Structures are given as structure tokens and as C-alpha cells.
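**Q** Dock chain B against the given chain A, drawing on the hints supplied.
Here the protein sequences come in this chain order: A and B.
Taking the working numbering, I'd label the letters of the first sequence as residues 12 to 570.
Taking the working numbering, I'd label the letters of the second sequence as residues 12 to 570.
Keep in mind that the hints were calculated from the coordinates and are not lab data.
Small disclaimer: the values here were computed from a predicted structure and weren't measured.
Heads up, none of these hints are tricks.
With a cut-off of at most 30 Å between alpha-carbon atoms, the simulated BS3-like pairs for lysine-lysine come out as follows: (1) A:K410 with B:K456; (2) B:K215 with A:K566; (3) B:K562 with A:K215.
2 protein chains.
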Amino acid sequence: MGKAKKNILFIMYDQLRWDYLSCAGHPHLDTPNFDWLASQGVRFNQAFAQSAVCGASRMSTYTGRYVSSHGAAWNGFPLKVGELTIGDHLRKLGMDAVLLGKTHMRADVEGMERLGVDPDSVIGVRVAECGFDPYIRDEGMEVVGPDGRYSDIRSPYNDYLWSIGYESLNPWHDHANSAVDDSLNVMSGFAMKNSALPANIIEKDSETPWLTSEMINWLEKRKPDDPPWCVHLSFIKPHWPYIAPKPYNSMYNGQDIIPPVATEEERRNSHPVYRQYQDGVIAEGWSKEEVRERAIPAYMGLIKQCDDQLGRLLDYLRKSDRLQNTMIILTSDHGDNLGDHHLGEKDMMHDSSIRVPLIVYDPSPDADKTRGLVCDALVEGIDLAATFVEFHGGEIALKNLDHILEGRSLMPWLKGQKPSWREFAVSEYDYSMTPYRAQLGVSVKDARWTVLVDHRWKFTHFEGGFRPMLFDRINDPEETIDLAEGSTPEIIDALELMYRRLASFRARVCQRTTLSSDEIISKTGASRRRGVVLGMYDEGEAPELLDAYGKAVKKNYTQ
Amino acid sequence: MGKAKKNILFIMYDQLRWDYLSCAGHPHLDTPNFDWLASQGVRFNQAFAQSAVCGASRMSTYTGRYVSSHGAAWNGFPLKVGELTIGDHLRKLGMDAVLLGKTHMRADVEGMERLGVDPDSVIGVRVAECGFDPYIRDEGMEVVGPDGRYSDIRSPYNDYLWSIGYESLNPWHDHANSAVDDSLNVMSGFAMKNSALPANIIEKDSETPWLTSEMINWLEKRKPDDPPWCVHLSFIKPHWPYIAPKPYNSMYNGQDIIPPVATEEERRNSHPVYRQYQDGVIAEGWSKEEVRERAIPAYMGLIKQCDDQLGRLLDYLRKSDRLQNTMIILTSDHGDNLGDHHLGEKDMMHDSSIRVPLIVYDPSPDADKTRGLVCDALVEGIDLAATFVEFHGGEIALKNLDHILEGRSLMPWLKGQKPSWREFAVSEYDYSMTPYRAQLGVSVKDARWTVLVDHRWKFTHFEGGFRPMLFDRINDPEETIDLAEGSTPEIIDALELMYRRLASFRARVCQRTTLSSDEIISKTGASRRRGVVLGMYDEGEAPELLDAYGKAVKKNYTQ
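Next up, chain A with everything else stripped away, as it sits in the complex (with noise of 0.2 Å):
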């Protein structure tokens, strides 16, 4: 293969929390090729999801652009058949865009109808793939209730299983995502009293595994004349039901986890949207140090399993020689509470929520200084896509989607470079879908929540004439005081600067995404040279009409 062909290997795991590596820090979970990873390549150390919730944060990461863009606000919301992804650019680039598992997309089925776009058809399967040609779309939640399935895309996953034998009518939930007792019945995953148990499986059956042999089967088939490659290889794990397949069940105990970060402080006086988080049920169920000491094991679990398979994954890529010409990317849509803050799930805007693991490897010898390296700069979901276009494409092809991607390129990052960078990061939130919605007697167009990040403090403004919430990340790095409320001097700049970054941000052209920077500069006053010449009192200010109209008709139609 030639030096030009470089490849992407986009990871995505699901709800795994920034600071559940241990090259982040964690100090009971060990995870070596995660860490290996991050000694070949950059560990951002500051890096945000753009939502804290699984469709709004993937949609912004494979558009590149922020939720209050793309619109696709939460779970469910469609994105609308005009947005562009990561997998339009890099295809015109001429990449190939490949999908191996989730991305939680809701495709625009009116607008595809309105459009005339065939669902079936190439086009169609794109425009509701987020743009990727699925090689495998899984989105690892076969979840079923009363009123029918939660995700509507088929799941190969569950074919798979039926197809070694696995026997039940949903074997994702029933195996899985589910241990038995003696009698085998389905202990399900997700009551959390059943998460030390071993899920009803064979480890290398189970997701991730199977994740990672259908990615070594889709690069065995590769051939040598095949375009480059941008495969977004994402799982479903650690994501809950929080249950983990022997051995990875009993590998972490109640004694492995980490106290919680949940103080009184934080339950007296809390912000009115907050508190209604904290009181909901998934909160109440974190509360419990039961729940704590058999579901956080088991997220460990799933996690240690995740980095065995990336070690599996890591020595198939060197083995075949594709390690000196694939960038690869390991990065998550969002963290997970685990109780931290009276919280569970990925609500709110603490760290543990919005806050996310972001290792990337650059093949280039133009990146061998900064092997090994953590960069502190505040980057974002949306950097990726801006990424991916300057790796494949180089700096023009960047600039001429400055129109449609608000991201920026981590390229500068990855040479060693110290380029001038965003004073600060942004999350959003949209509640609207939630039960608190209606509890706080929030409009639906009122019930959303925007976070701003800088080095000093996180800043959140919620819509609806609620107070903001502010954090101290320098003297409060477990954010755990609102100190919104205060007066002093330094917390009233606090607020004042981080409302007018907000206005900033607000303000931004974000929707003009048909034309570009540098067509509208090259386009600049081209409407006189096409005849529109306007304020002249002569014909001899333009004599450039004179030759282009005209200069005698027939016939006098006036006399």
C-alpha cells in the first residue's frame, strides 16, 4: 500500500466515562492497550461531549457541528435529511465510510420521503446511516416493553446468536444482557441486583467480541486495490444493562470501586432542574450502595473486556501491517454518573457525564513528538470529523468546509504544534422528552441546558428564567459546589464572562452550509461583471454593459 493510503479507525464505546482508564487515573481498573494506545498517540485530557446523551452527542460527532445546529436533540430526534456527515466529506475525498455498530441515528423518514429518497437505495441507506455505509449496524439495544421494541433497526447481533444456537426469543436481553438462576430463569440485566452475576453467555459471543471479529472479517476482505478506508467501529459496551460475561463478572468487587462524590452540600439548596435529577428513580436507584457495589463492578467489567478486545484488535492491525497506516481513534458519546453527584445515567453536566476519553493515534511520522503525550486543551466531539477531513484531505480540503463544520482539525495537536485554540468547550442539554419537563412546568422549547467548559470553571445556563449553576474546576475539581450564587467579585466575572461567550457562541453562523468562506470572497462584487450595475447615472461609468447589451434594435416601439 502506497504512503498515501491512509486509513481511520474511528472507535466509539458507549457510556465508558472519562476517567475509567487507567492511563486516565483510575486506580483499581487496569486497561493496558488502552494505555498503549495513548503512549503511541495524544491523550486529550480535556475533551467534551457536545450532549450528554447517547443521539444528540453521536450526531454532532459524525456532523461535526454543535446539537443546536444539527437540531437532533436527543434520543429518537431525526436528523434532518439535509445535515452533512463525516461520511459525505470523507467519500468525496475519496474514502470509503463504513459503519460496524451503533450510532443511535433516527433517520428524517419524512424528509427522505418529501425527497423522493428511496430507503433502499445506496443514497437512502446513507442519509439513514448518518452518512456511513453500514457494514454492520447493531445498535446493541434490543430492548423490548409492553409497547414493543425500543429501537426499530434490526439487530444482526441477535441473528448471529440464533444463528450458534443461542435459543430465546430475544437472546441480546435473555443472554446477553441476562444471567440464570438454577432454574434458568432470566435474571435480566437490568435490575442491578443481578449485576455480579455472569451474563447467560460465552464470552466470545458476547457484544463486544463479536464487534471486534466482524471488524477483523470486514479488513480480511479488504482487498489491496480498495479505496482508502474510515471505519467508525462502535460499541455498544460499557453501556448498560450493567452485566459483564465470565470472566469478566467477577474480576472487580464492591472493594475496586471508588467512593462515591456525593456530598450533602450538594442536596441542600440544589438548582431547581438539578434537584429534580436527583430525585428522579434512576437517581434514587444509584443512591443505593447495593446498586453501587454490584452494577459498578460490572461496568469495570465490561471495560477491562472492551480493552482485551482492543488488545486483540491492536495485534490483528500490527500483524497485518496496518498499524503504520490507520489513524486510530478511541473516544466514547458520553460518561455515566455511576451515583456520583445523586446521579445516575449520563444527566447533568458533571464531568462524569459530559466528560470523555479521547485517544488518538497518528501513524505520521509528522506526530513521533508527541507519542505518549496529554494535551489539556479543551477539545470536543465535534474536532473529530474536522480531523478526519484534514488527515485524509489536507488543510484546503479543511477549509472548504468551514461552512458546515464547527469543529477544528486536532491535527496542529497531534505535530506538536501549539495552535490558538477555543477559550472554552460547549455541552448541551435537552430535557424536553424527560418526565422532569413537565414536573418543573417547562415548555418543551424552554426545557434544555447549555454548559460551558474552560479550564477555570463550568458554566451552565438553563432556558426557562432559571438560576446557572458554576463550578470551580481549579479549586472544585470534583464539582460538587454551585457557587452561582456567590458574590464575590471573581465569581460575578465568572458568570459575566461565561454569559458573554455564551452570546458569542449563540451568535455564530452555523446554518449557512451551502457555501463556503472562500466561494463568497471569490464571488465578492461578481454580480457587476454578470450586468447588475447599479447607481450609474451614464452608460459611460460602465462602458462593460455597453458592449455586453445590445447596442441597436429594430424597431421603435414608443413612436
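**A** Relative to the frame of chain A, chain B by itself:
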């Protein structure tokens, strides 16, 4: 025709100033047909265009969305393929949506190609024509210069002129928009020296009568069983070139024009962006008395011709028994400075530029009590789309589009109700394509301003670090005194209020266009009923889950 079959005749003129009608107080111009419709409907006396430039203003009117929501901020910026238009909404409600005339739409050719939309298919044509089915699309600007044609839309008007014997490469220019001298030399209407001369065309062949005739032809072909219709009848006039056919060229002269509103004060210490426009070639042309004395009478003549043709069309509607079931709208996309404020064209943000005429005649008995009413509510171009949807589909249809349409229905005003209403109107302007951007050294993305208007103030915020502008509409209705640098408490309060409003405008949710608020409310909490049960310790907490999932499997894989 049944009672339900109500049609919409949506007439737009181009560059028609709000105050160039006798019903709006013009002292010398007599427009009895506009006035008659105003006496039968409501004249909105505080109507503002969403932008002062054709393309941006029209894209807002056709989408019902602000310029910063749809992104097509200047002439020739393609409207992205995912944006929905009046045509899409009305067609879904069972109406035909048809175009006769100009839209200034630039199709998103790249987006269409990406989605495999054939430009020649019915869908492709609609996407390229603002959602309308074009019966006649004519841009009314068959302008040509050394670099070629201004518009890439074929001119059916030229086809028409050729078919009836006008001989010239471009009869639009050489006949309809130019005069001739005794030797048959073309005297271009672009040179305002020629504006008092008669256009070299028989009056009935000129643009306004031609399109009016086509409108009548279209109506003639309509069959009783055809669906109800919304026709966008979109005239190019009184847009430049300022030249009118006999007898309109000589109906008015220099004595009929209003002295320019252009004070010394306005040139002193003028805002840096304003100053660029004041110093530009267009303004320079319009500063000449001989330009105003020739071009304004021609402009008035063109309006008088519009009025006569409106009378002809109203007569036809009356005779063909259509007045009682057709809503009729008369409006414009923006105004024309005509030398006021040391400006020409539709530059900047004075009323001469962004305020538009708007007359709405609703034939429904509900509207009887408001016939002849002048309404001072702050209305916007984007309100028309919402009005049409409610007029045809009712309140529910309108509510179902609350996530797409940003305008408000005018129906309550037409029924004589007093709805709670917006406190300010917004108009946006992007000058990145003008030479002023480079002269000011402003970046492409910062070359824009936003105008907020209420009953008292007109405030303009400029990006790029410039100070704002502020007019007192009550005490300075001619808008000649920029108060933004004043320091009275009243001014300080006004600026503060306007900045607060600007922030709230920018904070609006405008990109969640794939899901309505009602859909969100109805889906809230649905994921639990589809099996997503979080924070649960014991299965007993979610009995519905136990029912939905398998209760027992056939094998224990973990032994």
C-alpha cells in the same frame, strides 16, 4: 365550488417601498386598487422584511423562518435541500402550490445531487423552486455582463417577447428595460439618465401586464374539480432598471417626488459600516439630484402600472366569481432607499429598506369586522407561511408545524382579535458578498448585522466589534439620528433591553425541524414502555419488563 375550497393569491412585488402607496400616505402617487384591497382587508402598517435583500427575504417568506435559521443569507446562497417551504406544507394539506414569476431561489444543486434528486423530476423542480410548482418562473433579471448572465434561470419573458416579434438578443434589456434614441441605439435603463424616457416596448407587452395575463390564463385553465390553490404571483416590478413604458414614464416628474430624507447629521460621525455604504458607488449615484429626478418618477410610474394591472386582475377575479373564496395578499420583499439616508438600493436598515407594504384580504365572514382596518402590530414576512397554513388547515395544522415555522399566523388580527403578540420584529443582513466587507477588514462570518424593531426603537447590532445603532421611532420617525452613543438613562435602558432581546432571539430553538413539540410531549416517558428501565435494583420494580422479556431460556452457558 364548495365553501371549503378557499384559495390563496399571494402577490409579491419586488422592491416596493412600504410608503409608496396612496393608502400608506404617499402624497402624489395614486394607487386606487391597492387602496381598494386595503379597504376590504387589513393593512399591516408595521410589516418588516426578514432581510433587506431579495433572496434572503424571500427565502424567509417561503420557509416561514428567519434568515439565520435557513442560512440563505444573500442572493445566490442556495437554500439547503432540507429546508421546507410553504409549498411543502400547503401541498400536504391538499392544496396546489404554484409559482408565477420570481423567487430569487438558488437551488442547492450539490445537496440535490448528494441525495439523488433528479432536477427534472417533479420533486427536483419543487426543491429548486422553493416548493412551488412553477407555471412560469421568471426572475425578471435577464441581466448580462462580460462574465455572462446574472441568472441561470431561462427567461420565459424573453421567449414571449421573441414570439411576438421583438428582435434583439435580449429583449428583456433592450426593449422592456431600455429606451431607444432616434437612431435606434439602445439607451439602457441601468443608466438613470434614461429613466424618464419610455421603455422601447408596447405597454401591454411589458413585464407587469405580461405576468398578469399569464395569471389570468392560469386561472382560465383551472377546472372546478381541481384542488384549492395557493398561487405565488411574484412581479419583478417596481424593481430596477428604473424605466417605464408609455404612458407610465411621463405620469410623474421631478415635482412629484418627495425631498430626500438625508441630513447633514447622518453623514457626521456615521457608523463605520453605514459610512461604507454612504461612500459607495450606489449611494454616490443616488446623491445626485438628476438621478432622483429621473429614477423616482420612473419608479412611481412602474408602481402605477402595478396598480393598474392589479385592478385588471381584481376585475377578473370579481367577474369570475372568485373574490369571495380567495385570500389575497399584497406585499414586497423589501423597499428602496431612493437616496434617503444618503443611500440607494435596499442597503442598511432604515424603514425605506426593510419595512414593506402588507395588505391581507380574507374573504371569510369572520373577517368582515376588520375590513379597512389598519393594524400596527409588528408583523414579519415569515408570518405569511403560518397564516396560509392556518387559513387552509386550521389551528391544529399550524400547531403541528410549530417546530418549523417561526412566524405567527395573522389570522387572529384578520378576525379582529387581540392576540398577545411579539414585542419586536427582526431583520437580518449579511454583507459578506459586498465589497464593504473587505474594505472594513471584517471576516466573512462577521459581516452581518441584526435589526430589532419595536414600536419605540430600532436597534441594530453589528458583528465584528462595531458599536450598535439606535433610532427612536417615535421622536425621530425619519430615522436620521443615531442615538447609540448617547448616555441618557433612557438610551442605556433601551440598549440593554435590545441586547437582552437579541440574546433571546439567538437562543431560540430553530433546528429541531423533524419533530413537533406535541410529538415530544406525547412521546415523553415512552422508552420505559419499550423496555428501558433504569435505576432498578430488583425486577419487581418493573413487572412489565418481566412480562416482556423471556422468563426462562433453554441452556445455562455459564456453568
